[in-house]
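Student: Residue-level listing of the chains:
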Amino acid sequence: MPSILFYVVLTAQNPIDNARINGSFQIDAQFYQPDEGIGITDSVIAGRKVGINGYGNIIYSQGNFSGGIRYEAYLGPIAGFDAQHEGNGIANLWASYQTSMIEITAGNFYEQFGNGLILRAYEEWALGYDNSLNGMRIVFRPISGLTIKGVYGTQRFYWQKFERNNRGIVRGLDAEFDLNELISPLQSSGTRVQLGASAVSKYQRDADPIFNLPENVGAFAGRLNITKGKFSLMTEYSHKINDPSILNNFIYKDGHAVLSSLSYSERGFGVILQLKRVDNMYYKSDRGTTSNALDISFIPPINRTHSYSLTGKYPYATQPNGEMGMQFQLNYRLPRGSKLGGQYGTNIAINFSQVNDIKRNPINDTTEINQDGTLGYKSGFFDMSDHIFFRDFNVEIDKRFSTKWKAVIQYMNLYYDIATIEGKTGYEPVKANIALADITWRMTSRKSIRLELQSLFTSQDKGDWAAAMLEYTIAPRWFFTISDQYNYGNPDKDSQNHYYTASLGYTREATRLALTFGRQAEGVVCVGGVCRVVPASSGIMFTLTTNF
Amino acid sequence: MKRFFLTLSILISIVLLSCDKIEEPYKNTGQSGGETEVTTRKVLLEDYTGHTCVNCPAAAKLAGELKDLYGDRLIIIAVHAGHFALPSGPPFDLDLRSDVGNEWNSIFGIQGYPSGMINRTSPGGQYIQSVGNWATRVSDIIDDPTMADLKISTSYHQESRRLDISLETTFKVPVTGKPKIQLVITEDNILGAQHNNNSTIGETPIIYDFVHKHVLRAAVNGNLGEDLYPEQGNVNVGTTYEHDYSITLDPDWVADNISAVAFIYNASDYEIYQVEEKHIMD
Numbered sequence: 001m002p003s004i005l006f007y008v009v010l011t012a013q014n015p016i017d018n019a020r021i022n023g024s025f026q027i028d029a030q031f032y033q034p035d036e037g038i039g040i041t042d043s044v045i046a047g048r049k050v051g052i053n054g055y056g057n058i059i060y061s062q063g064n065f066s067g068g069i070r071y072e073a074y075l076g077p078i079a080g081f082d083a084q085h086e087g088n089g090i091a092n093l094w095a096s097y098q099t100s101m102i103e104i105t106a107g108n109f110y111e112q113f114g115n116g117l118i119l120r121a122y123e124e125w126a127l128g129y130d131n132s133l134n135g136m137r138i139v140f141r142p143i144s145g146l147t148i149k150g151v152y153g154t155q156r157f158y159w160q161k162f163e164r165n166n167r168g169i170v171r172g173l174d175a176e177f178d179l180n181e182l183i184s185p186l187q188s189s190g191t192r193v194q195l196g197a198s199a200v201s202k203y204q205r206d207a208d209p210i211f212n213l214p215e216n217v218g219a220f221a222g223r224l225n226i227t228k229g230k231f232s233l234m235t236e237y238s239h240k241i242n243d244p245s246i247l248n249n250f251i252y253k254d255g256h257a258v259l260s261s262l263s264y265s266e267r268g269f270g271v272i273l274q275l276k277r278v279d280n281m282y283y284k285s286d287r288g289t290t291s292n293a294l295d296i297s298f299i300p301p302i303n304r305t306h307s308y309s310l311t312g313k314y315p316y317a318t319q320p321n322g323e324m325g326m327q328f329q330l331n332y333r334l335p336r337g338s339k340l341g342g343q344y345g346t347n348i349a350i351n352f353s354q355v356n357d358i359k360r361n362p363i364n365d366t367t368e369i370n371q372d373g374t375l376g377y378k379s380g381f382f383d384m385s386d387h388i389f390f391r392d393f394n395v396e397i398d399k400r401f402s403t404k405w406k407a408v409i410q411y412m413n414l415y416y417d418i419a420t421i422e423g424k425t426g427y428e429p430v431k432a433n434i435a436l437a438d439i440t441w442r443m444t445s446r447k448s449i450r451l452e453l454q455s456l457f458t459s460q461d462k463g464d465w466a467a468a469m470l471e472y473t474i475a476p477r478w479f480f481t482i483s484d485q486y487n488y489g490n491p492d493k494d495s496q497n498h499y500y501t502a503s504l505g506y507t508r509e510a511t512r513l514a515l516t517f518g519r520q521a522e523g524v525v526c527v528g529g530v531c532r533v534v535p536a537s538s539g540i541m542f543t544l545t546t547n548f
Numbered sequence: 549m550k551r552f553f554l555t556l557s558i559l560i561s562i563v564l565l566s567c568d569k570i571e572e573p574y575k576n577t578g579q580s581g582g583e584t585e586v587t588t589r590k591v592l593l594e595d596y597t598g599h600t601c602v603n604c605p606a607a608a609k610l611a612g613e614l615k616d617l618y619g620d621r622l623i624i625i626a627v628h629a630g631h632f633a634l635p636s637g638p639p640f641d642l643d644l645r646s647d648v649g650n651e652w653n654s655i656f657g658i659q660g661y662p663s664g665m666i667n668r669t670s671p672g673g674q675y676i677q678s679v680g681n682w683a684t685r686v687s688d689i690i691d692d693p694t695m696a697d698l699k700i701s702t703s704y705h706q707e708s709r710r711l712d713i714s715l716e717t718t719f720k721v722p723v724t725g726k727p728k729i730q731l732v733i734t735e736d737n738i739l740g741a742q743h744n745n746n747s748t749i750g751e752t753p754i755i756y757d758f759v760h761k762h763v764l765r766a767a768v769n770g771n772l773g774e775d776l777y778p779e780q781g782n783v784n785v786g787t788t789y790e791h792d793y794s795i796t797l798d799p800d801w802v803a804d805n806i807s808a809v810a811f812i813y814n815a816s817d818y819e820i821y822q823v824e825e826k827h828i829m830d
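Sequence lines, in order, name chains A and B.
Sequential numbering of the first sequence, starting at 1, is according to the working numbering.
Sequential numbering of the second sequence, starting at 549, is according to the working numbering.
To be clear, the hints were calculated from the coordinates, so they are not data collected in a lab.
Treat the hints with care, since some could be wrong.
Partial list, computed: chain A residues near chain B (C-beta under 7 Å) [what the hints assert, rightly or not]: (1) Asn-212; (2) Ile-241; (3) Asn-242.
Owing to the predicted nature of the structure, the values given are computational and were not obtained by experimental measurement.
C-beta atoms are modelled at their ideal positions from N, C-alpha and C, and glycine is treated no differently.
If we strip away everything but chain A, and leave its shape as in the complex, we get:
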């Protein structure tokens, strides 16, 4: 590795025409202050008045070669990030050589096979999630239409260095065939077909005195994508052999996951139907960990990701131990000039998704369902439980009235099993209705004002909420925001709090700076169905990002 660094230094001094350096930096800082009103006392802060997360990501490329370094510092981590983040150092270091036929990478890398059902290494800054692989990766394209990938390595676990046997080793192979490119008569066909197959195996030694554990656990997946005209079908099936772990209560049942998606789209109209079934599919490179880390597999969520504060208050977290779900979405554009479409057309989106638990049946008369050290349970492919984890029905209408006025209105009906999703065992599921309006007034070509009004009605959890936000933008550099979230329906009268904030942001070239003063309500942040709880806080938040 030192030789690579040396090489970079040399070329920096003797710039070569085709050498390129790019990257990004980000610093997120929070300054905490006690705020008795929302339950933040000195003892909650416990002396940790400042949390700062930051990274620098630098990539050097020259011809076929590229190399990169990623530095991170969490000193200390922002509230809500796992305490194990605390530390600083080089998180990623890698070098890669790429031609049209082969690409080889040594060091830390990210990768995904198909939809990720049996392998996905990725990084998500907002979640504090990084399961990058540290090892080697080869991508081989021997002929047009065939891509083969091979990877092996160990996964990142915060700052803990891999040592013999302190966690597992991952290795995987993936092949993807593009039939239209492989088979010449199909090249001009209107039907595009892609096939993929992958296999992953993890090794972790067994020294457990109680359980007789598999040291090598394999998982396999096959996928098919067909596109014909305006139709598109995607499906992937994955299977995993016995993988007892702390997260499945040490049962020895095989696991599987299926994901399918059928869509049709044309100008102004689109529908998509997605289905999934997941059964016992936690797949981590340490069977003992309960941390939000070291996942080898990834179960994509099939729910709409909501971006407004109240529609996004109860986001779904995927349940790898078992779930069956579907999503349907329809997008329609009422044409310009029609009676309802108006002068500028109107967009309507209708979305429905529901996820249930799978049904589990006992393996015999004497064994409890999910008893450790057994096959756990039986569940047929179509065995769905009545237990609903999550349901979301929402309608959004997006309309421009004139060159100056534009509005989005949205309605959402939600069912959220907070006991399962947030682990708040014993809590009643949240049934909520949420409505919002988002109105933009473009005053001049540079200045605009945006107003968001939202209301959430529920009798469960923390009761009703109302939220308002006013944003003034001076393009392209400045924005100013004031907002309040008011928990007026909290059954605990003392907790009927206002969470007010004032923010400003400044963007220049590729640098963006944002500063927020005020309170942040306790909440859940999810990206791709992986979630993190954000505790309530009060104080100043600061974010600086720059790209080059």
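Use these hints to put chain B onto chain A, whose structure you have.
Tutor: The following block gives chain B in isolation, referenced to the frame of chain A:
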């Protein structure tokens, strides 16, 4: 092309073959390592827990299974600390926290529950061991050579509830630095409510008559113990260091369920050299 597909199929078979299909029995039972010799290496498992933590009963169950397997060689302390241990109104009105537990919780930065430490070792810089790794971690170190003898003698005066405890420590191997000695009191079999989400263990979401075992109650000689000896320098192998303590049991504690747990540890990295437990009524 043919050669290429041959290579590919070989590669795929390698990955495919890397699979261990386990046949029954999946679980070892009926074994016992409970042989108590005069001197044995003993291991301390600290279970950081709380009564509103839904995954904690599963951890307690696992600790119990390890105790069944290793007998006296494994000593458990259940440390009720952090958010999930807060008394939060009926039925969760018990407060099983202790000053010493709160301090340990904060020193080791424990935020997730359940989690634990095994002899306060830190493989890869990591003190906190998630429950799924407890068994492996215990089995990794339990057969290590014994570094020191630690003897506990107790005498309990029922009338005054005064408990006298004497500790005798003798190192068998040289160690660097001056060790510390810590003495704490634990109470077994406290009945109380416990959140639970594992139906194979008991009622969900609440077990109303959960038996809290090995509950850390108090430190006798400070939250971090004290130096094994006053003078400077390394420990003398073969020398017996004696310590005498006295504590009056809290009126809420049931004397029949009280044990004294003592351990000696490395003052710089907390790693425990030896641990011993004595039920005061034995």
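Student: A separate judgement is required for each hint: does it hold in the structure or not?
Tutor: Cross-check of the supplied hints:
Interface hint at Asn-212 (chain A): satisfied, since its Cβ lies 6 Å from the closest Cβ of chain B, which is below the 7 Å cut-off. Because the beta carbon of Ile-241 (chain A) sits about 5 Å from the nearest beta carbon in chain B, less than 7 Å, this interface hint is met. The closest approach between the C-beta of Asn-242 (chain A) and any C-beta of chain B is roughly 5 Å, which is under the 7 Å cut-off, so the hint is satisfied.
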